Structures are given as C-alpha cells and as structure tokens.
Amino acid sequence: MQQNRMAGYRIKAQPYFRAVGDEVELFEAAHRLKLPVLLKGPTGCGKTRFVEYMAWRLGLPLVQIACNEDTSASDLLGRFLLNRDGTYWVDGPLTLAVRHGAICYLDEFVEARQDATVVIHPLTDERRMLLLDRKGEAVQAPPEFHLVISYNPGYQSELKRLKPSTRQRFVALDFDYPSASHEAIVVAAEGGVDPALAARLVDIAHRSRQLKGNGLDEGLSTRMLIRAARLMRDGLSPLSACRLALSAPACDDAEICTALQNFAEAHFSA
Amino acid sequence: MTAMSDFTIMESAETLRRIDKLPLSLRGAQVRTVLLPTHPRSSLHAFLHGMLSRRVEVVRRTAEAEEMLRPVLEDNRLALPMDSWLKSKQNSLCRAAAAHALAHWRYSPAAQAIDGLKPIGRRVADAIEDARAEALLLDDYPGLRSLWKPFHEADESSGVSLDALLARLAHALLDAEYHDGNFWVDKARRLFDAQRDHLSDYSGFRHLASILANDLGQMRVRFEPDSGRYLRYRDDNTWLWAPDTETVVIATNESNEKMDDNPSDSAASGAASEVPTERDDAAQATALYTYSEWDYRLGREHPHWATVLERAPTLGELDAALRANVAADRLVRLPHCRTRRTTHPSIIRRRYLQSEGDTLDIDATIMLRVALRQGSLPELNVFSAIRPSPPETSVLILLDLSASTNEYAAALEKRATCQLAERLNDGYHRVAVHGFCSDGRHRVFYHRFKDFDTPFDEACRNRLLCAHSGLSTRIGVALRHAVAQMRAELPRRVKILMVGDGEPADIDVFDPRYLPADVAHVIYTTRRRGIDILALSFASGATASEVADNATNKGDEDIRQSQLVYNANTFTAAMARAHAFIAQ
Ligand SMILES: Nc1ncnc2c1ncn2[C@@H]1O[C@H](COP(=O)(O)OP(=O)(O)OP(=O)(O)O)[C@@H](O)[C@H]1O
Ligand SMILES: [Mg+2]
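Note that the protein sequences, when read in sequence, are chains A and B.
Anchor point for the first sequence: position 60 equals 60 in the numbering used here, and the numbering is continuous, going up by one each time.
Anchor point for the second sequence: position 11 equals 11 in the numbering used here, and the numbering is continuous, going up by one each time.
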C-alpha cells in the first residue's frame, strides 16, 4: 500500500542532466547530513531537472509542489474533508513526502503564504518534525526525507524575500545559466539540433541577458532555447521559431520584443 | 520599432545633449532637465545594449531639409540624421546604421593617427575599414547582411567618380554575387578576398588601402569629398581617426573654463547654507542607511554608494503669510475625487473568516464541525464576503527641502503638502509626509514630518511649515529610502508623490545627466514593482510657464504630463492633478 502510494512519485528513467560543477557531490553531502537545501537561480536554468536527477540517483520518490501566493499551510499539510460518515483527514503533499521519506521540492517557495513558511520550520531544524496542529499529530521525518526549496532572487521584488529565520535553516546551491559552451551542449542534446545552431540560440540568450533590468525582468532561459530548438527541428523556419518561443513570450514591451527578434535576425536571415 | 516611439526617445536624448552644450553655470538655473517618465528604451537601444554588453545612447542629429548627413559615432553614442532620411526608409536605415556602428565599436580601432594620409587615401582607408568591420561582424552574425544589402546599389551605371567607385567597391566586398567589371574594383575585391582569413589584421588592410589609393592616383581619379549619396547608413568615420591638433586645442580651452567655473559654483552653494559639521551629523542622525546609485555611463548601479541620515529638520520662523495661505486652502473646494472603490481589483477582495457574508467558507465550516465533535471551542466566523477593504491606499508625500527650491516654490510645496495631508485624512488613505535634502552623496538628510501611523496634528503641521530649505537635491537616493519605507505598507496600494522642483542636483555631481538618469532609473524600477510615483513640480511664474511651453511643443502626452510645472496661479490645477493621481 505504502509502496503503491508513492509509485507515481518515483522517477523511472535517468533524467538527462549535465552537471556544471560539483553540485551533485554537494547535494549528496547535504543529503547524508540531512541538511535541507535551497536552490537559488533564475528561471529555467535547470533547478527542477537537477532535483529530478538527484531523486533518481538517490533512488527516492520526488514530491514537487509549485507554490503560489495562495499556497497555504493546509495546502502543504492536508485538511479535513467531509463525507457521509463525518470528517476525515487527507494528507497534503508535504505530509505525504515526510511520511514516506521522499524528496520534497517546493518550487518558488517565497511565493507561498506566511503560514506556509512557518510550517517547514520544525521540519528543517534538528527536530525534523512536521506538526499537523489541526489533526493534533506530529510526524517524525525518516532519515531519507529531504526538503529542497527553490528561489529566484532575480525578479522577486524586495517585498518578497525569504525571512532570515527561514533562510538560515538551509544550505544553498547557487545555480546560474552555465557557460555558453555548456549551455549549447544542453540545448543541442535536449532540443535535438546540431551544436552550431544551438550555439547561435545561446548567443541570442546571452544578448537578452544583458537587458535584464533594462527592460527585461529576466533574460531568455535555457528552457526557452530548448523549445526554440525543438520547433526548428520540427521544420519551422529559425526566425519563426525564435519569434514563437523566444521574443514574443519574453515580455510585453513591444520595443524589447523587437530587439530580441533583432538578435535572432542577426543570426538567421529570412 | 515604430518611428514614433523612436522619435520621443531621441527627443529626450536631444534635450540632454542641448543641456550638455550650455556653460555649466547656466545648467542648473535656466534649463530644467526632464525627469524621464519611464526608462528610455527603444528597440535600437536595446539591440545595441545587448550586442555590446554596455549601454550606448542613440540620439537624433538635426539637419536642414536638403542636407545629406551621415550618422556620427562617438564612444558611447550614435547620432542618426533622421531628418535627412526619407520617412519610408528611416526604419531600415536606423537598423542598418546601428548594425554598422556595432561593427565599428566591436572591431575598429578608434582615433588612429592620420599619419600624413592624403585625403584620397583616407577615403579609401575608410571604405576598406567599413568593409573589414562589417565582414568581421558578419562572421558571427550572418543575418545582418540583409540589413545592409538593400543599400548597396552602386554599379557600372553609377560612373567612375571617386564616390561611385568607392560605393561600387563596397558593393563588391559585401555581396559575393555582385560582379562589377571595373578593373580597379575587381582588383580590390581580389586583394580583399585574399586577406579574408586574416580579417582581424588591421594593419594588413591599411596596407591594402594604400595600394588601392595609389592606383586611383595613377588612374587620375580626382579627389572629391564625400557627397553622402551612397550607403547612407554608414557613419562619417570621424570616430576612426584622431582629431587634428586644432580641435584638441579648443577642447582643452573649454575644459579649463569648466575648471574655473566649478570652484565658484560649489563655494556659492557652500556659503548659502550653514553646513553642519561631520560630527554634528553623526550626533543628530537617528539612523543611517546606504543605497546604491545608478550610473548611466556604466549602465549599472554603484552599490552602497550613498548614505541617508535620518534626523530632525532644521526649523526656521513660521511665516505668517504661508500660514494664512494654508488656512485659506482649507476652504477651497476641490472637485471631490476619492479612490474609486468599486473598480480596482485590489481594493475589492473576498474576505474569509467573516462573521457574516454571502457564502460559507468551506474550510472554516469543516473546522467548525470538527471542533464541535471534538468538544472544543469552535471558531464561528465561517462566512466569506466580498468587502472593500478600508484604508487601501498609502500615500507618501516626499518633500524637496533643498535650497534650489526657492522660497516661492518652497511655500507652494508646503501648502500642497498640508492640503493633501489634511484632505486625505478620510479613512481611505494612509498618509506620511517626509522630506529630504542632501550635501554630497554621503549626507542625504531625510526627515519624517509625519509617519503613516502618527496623526497630522498642529505640532506636525508647524514643523512642516517652519522647515528650513537648504543644501542640494539628491532625489534618487531619497526616493530609494522612501520606497523602502513603503514596504511595510503592503499589500495596500502604495503611491509616492514627490513635491519639489523636479530638478536633481548635488554638490559632488558635475555631469548634468547623472542624477536625472539615476532618478529615471529609480522611478522605472519602482513603478515596475507596482509603486506609483508622481512628481509634482513648482516654480516661480516665469520658469514655470517657460517649461510648460517647451512641454506643449512635444507631442508625447506622457512627457508633457510629467514636465508640467505649476506656480501660484495654477496651484488648484496642481492639487487636482495630485488628487487624480492618488485616486487613479
Ligand atoms: N544542466 C542541465 N542539464 C540538462 N538539462 C538542463 C540543464 N540545465 C537546463 N536544462 C534544461 O532546461 C530545462 C529547464 O530547466 P528546469 O525546468 O530545471 O528549470 P528551473 O530552474 O527549475 O526553472 P523554474 O525556476 O522556472 O522552475 C530543462 O527541462 C532541461 O531540459
Ligand atoms: Mg563606418
């Protein structure tokens, strides 16, 4: 029953992940010592992929929760529901992960509501305990359980910062877009295009990242480049693929979109 | 890129350039720098910024209608002669010119010595360098060829004048498919192609150019200055060559003059204010904060660059006339505008855990049942309701207390502030009144007349009315501090109303563009964060109308709005504008 419950959370095949530095060893060390991990980095730079890869490597189920401003404590912990016989408790995803010793990945954790942030406090210090106050239960985390949260320091306004009391409970891994050559290898592999084309896409992204804070909140991410590459492989012309996957979705400012498309036009002619 | 948006940006850059030309002593006094309403970003700026990894300016070069001007390059600026270009071609010429400038900035060495180069030799060297730089850029960015190609039209029919030959040469060097047929052009193409594997060897191509110039001499081709007819996207290449000695002399004279200006300038501002000593500041300041400042030349912020000292204001005598005016203002009826409570999404919210409402909050209801069965004390607020939320808008009025706001403007500022603080005390708004002045980047003084949670009482009003104006105006840093104060006000709607003369200045800044650019940057980033900002500017009658006149000449509504400067006669209009901003 327990195994079945988690079957859907297991990662069956090895995810493609190309390490930039020693992040794999560092994560394993943190896991051995049961230290919760904070992944810092811009959107689409491979944080989620890294966690998937680590879950596969460590042979642990992975529970992912995308947080938003409506994510409350009960969304993480669980809640009472009603049926004919009265009320019954349903575990939330975090509780599930704790009970079954999974890796729990809270994506964009700063977005969550205040009451959700304090829930993880007893879980991330020496107690390693989840308190279900509504139910009156304390769940002790097994040794395998590992809490990972992600955080994008870039576009988060100053108004949304991790509180020191939360931040200081974590060890942190800094993610950033990798070097151009490394990123091109990832784009070529994931997008299924040749390295020269991937390198051109990466250059477009590098140009766009110069504009961060100057009209763009965030430069083009690896994720977007991979999408553009796939569209090209599927037969779309390079300029159409760049418009569809890069310049149009990147922002709403027409001038900036034009500039982004101009970067693409510098590489590819119509 | 649309021609229109490009136009406005160039306008503001042009304004700044005009200020640049003025003698320093005039800059502060008679010319009002424009507080750019948003960050000036056209796609052209953004394209160059991304490609160069640094910020450059794109400005408009004005020309007489018939003149054929070329773009002009400087280290950080590209001037485009938009007026001498056909409307229908402006867009493509702008892009081609920007890409050509990019080629020079990336690959051409600047300010080369002319070294006795004859005029005809220089023109050939120019043409070869243009082609070399473009070819280098095309290696990385082959797509740019299609920007330039349409302008390469010269061929046999263009003739064999120097201008035509050079244009035909350029055509042959850019377009592999084009075959010219002229002996000299074909030879040039052959020699150029032979060196294509060594494009980065600048001197090799200078040598090539001198061979070709020699040939022209033997062919008895007459020198003629550039007519500007061909390849209009290409700049005049002055940037490539070192200025001749004459210009250098003029430049040094100019800078000497500036040096003479400065001491008297700063001495004047020093004398005008009783500058408190360093020790006084430390004792008086209740808190210290550091902030970064935007440097437009670097295109990034100097971290921890400026220091804000919070301390009580210096108080002067209470001016009876001002006091009477404030009392009179109280009687004036303004068109009543209050926050439109029904339309703004952030003001109407579904509130949970209410004691009454239109629907049950399911979570709360279940908890109620659970509590009842457990026999513990139930929470009875199980409804949810749509409610307007009381005090939703927080307004911070930031007052310029510097000496540059003369007494006339200062009085108007204080009247405006008093009136706003009193009228907004209506249960829907939270108001704070802060003020600032500065004395160099490490002494930005910040005074809190009224905080959000303190009442606007008689004592508070008196302090405001008596506050002494002195020192300078480092708006950007003060604004950063004000924004930091607003953090605690979230998630209410937050607005900052700056009341002053809209003119940043400080004793340790001599570049007239630096502080305005910093302010524009703060405003831009703050607005992106969802905090609204309006600058309400006051000045004495003459200055006010002059600026307003300037403003009406401009087509752009946004610039005009932000440029409006009010005086005593237009005080009511100013207040209406402030109220409209707050109600927005
Ligand atoms: N080092 C890498 N190895 C393999 N693939 C990578 C790597 N970096 C990025 N990717 C690719 O980039 C895509 C986006 O990465 P991912 O979804 O992990 O981003 P993220 O950092 O989690 O973004 P967000 O913060 O938006 O969730 C992945 O689907 C993957 O294809
Ligand atoms: Mg040139």
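Worth flagging that the hints you see were computed from the coordinates, not collected in a lab.
Here the structure is a predicted model, which is why all the values come from computation and not from measurement.
Glycine residues also receive a C-beta, built at the ideal position from the N, C-alpha and C atoms.
Mixed in with the good hints, there may be bad ones.
[To be verified] Some chain B residues flagged as far from chain A (calculated, every beta-carbon gap over 12 Å): (1) F47; (2) H49; (3) G50; (4) R55; (5) L137; (6) Y178; (7) D197; (8) G299; (9) D508.
[To be verified] Residues from chain A shown here face chain B by an in silico Cβ test under 8 Å; the list is partial: (10) G78; (11) L162; (12) R207; (13) K212; (14) E265; (15) H267; (16) F268.
So, going through the hints one by one against the coordinates:
| no. | hint | in the structure |
| --- | --- | --- |
| 1 | F47 | violated (4 Å) |
| 2 | H49 | violated (6 Å) |
| 3 | G50 | violated (4 Å) |
| 4 | R55 | violated (7 Å) |
| 5 | L137 | violated (9 Å) |
| 6 | Y178 | holds (17 Å) |
| 7 | D197 | holds (19 Å) |
| 8 | G299 | violated (7 Å) |
| 9 | D508 | holds (25 Å) |
| 10 | G78 | violated (12 Å) |
| 11 | L162 | violated (15 Å) |
| 12 | R207 | holds (4 Å) |
| 13 | K212 | violated (10 Å) |
| 14 | E265 | holds (5 Å) |
| 15 | H267 | holds (5 Å) |
| 16 | F268 | holds (5 Å) |
The structure shown violates the earlier hints numbered 1, 2, 3, 4, 5, 8, 10, 11, 13.
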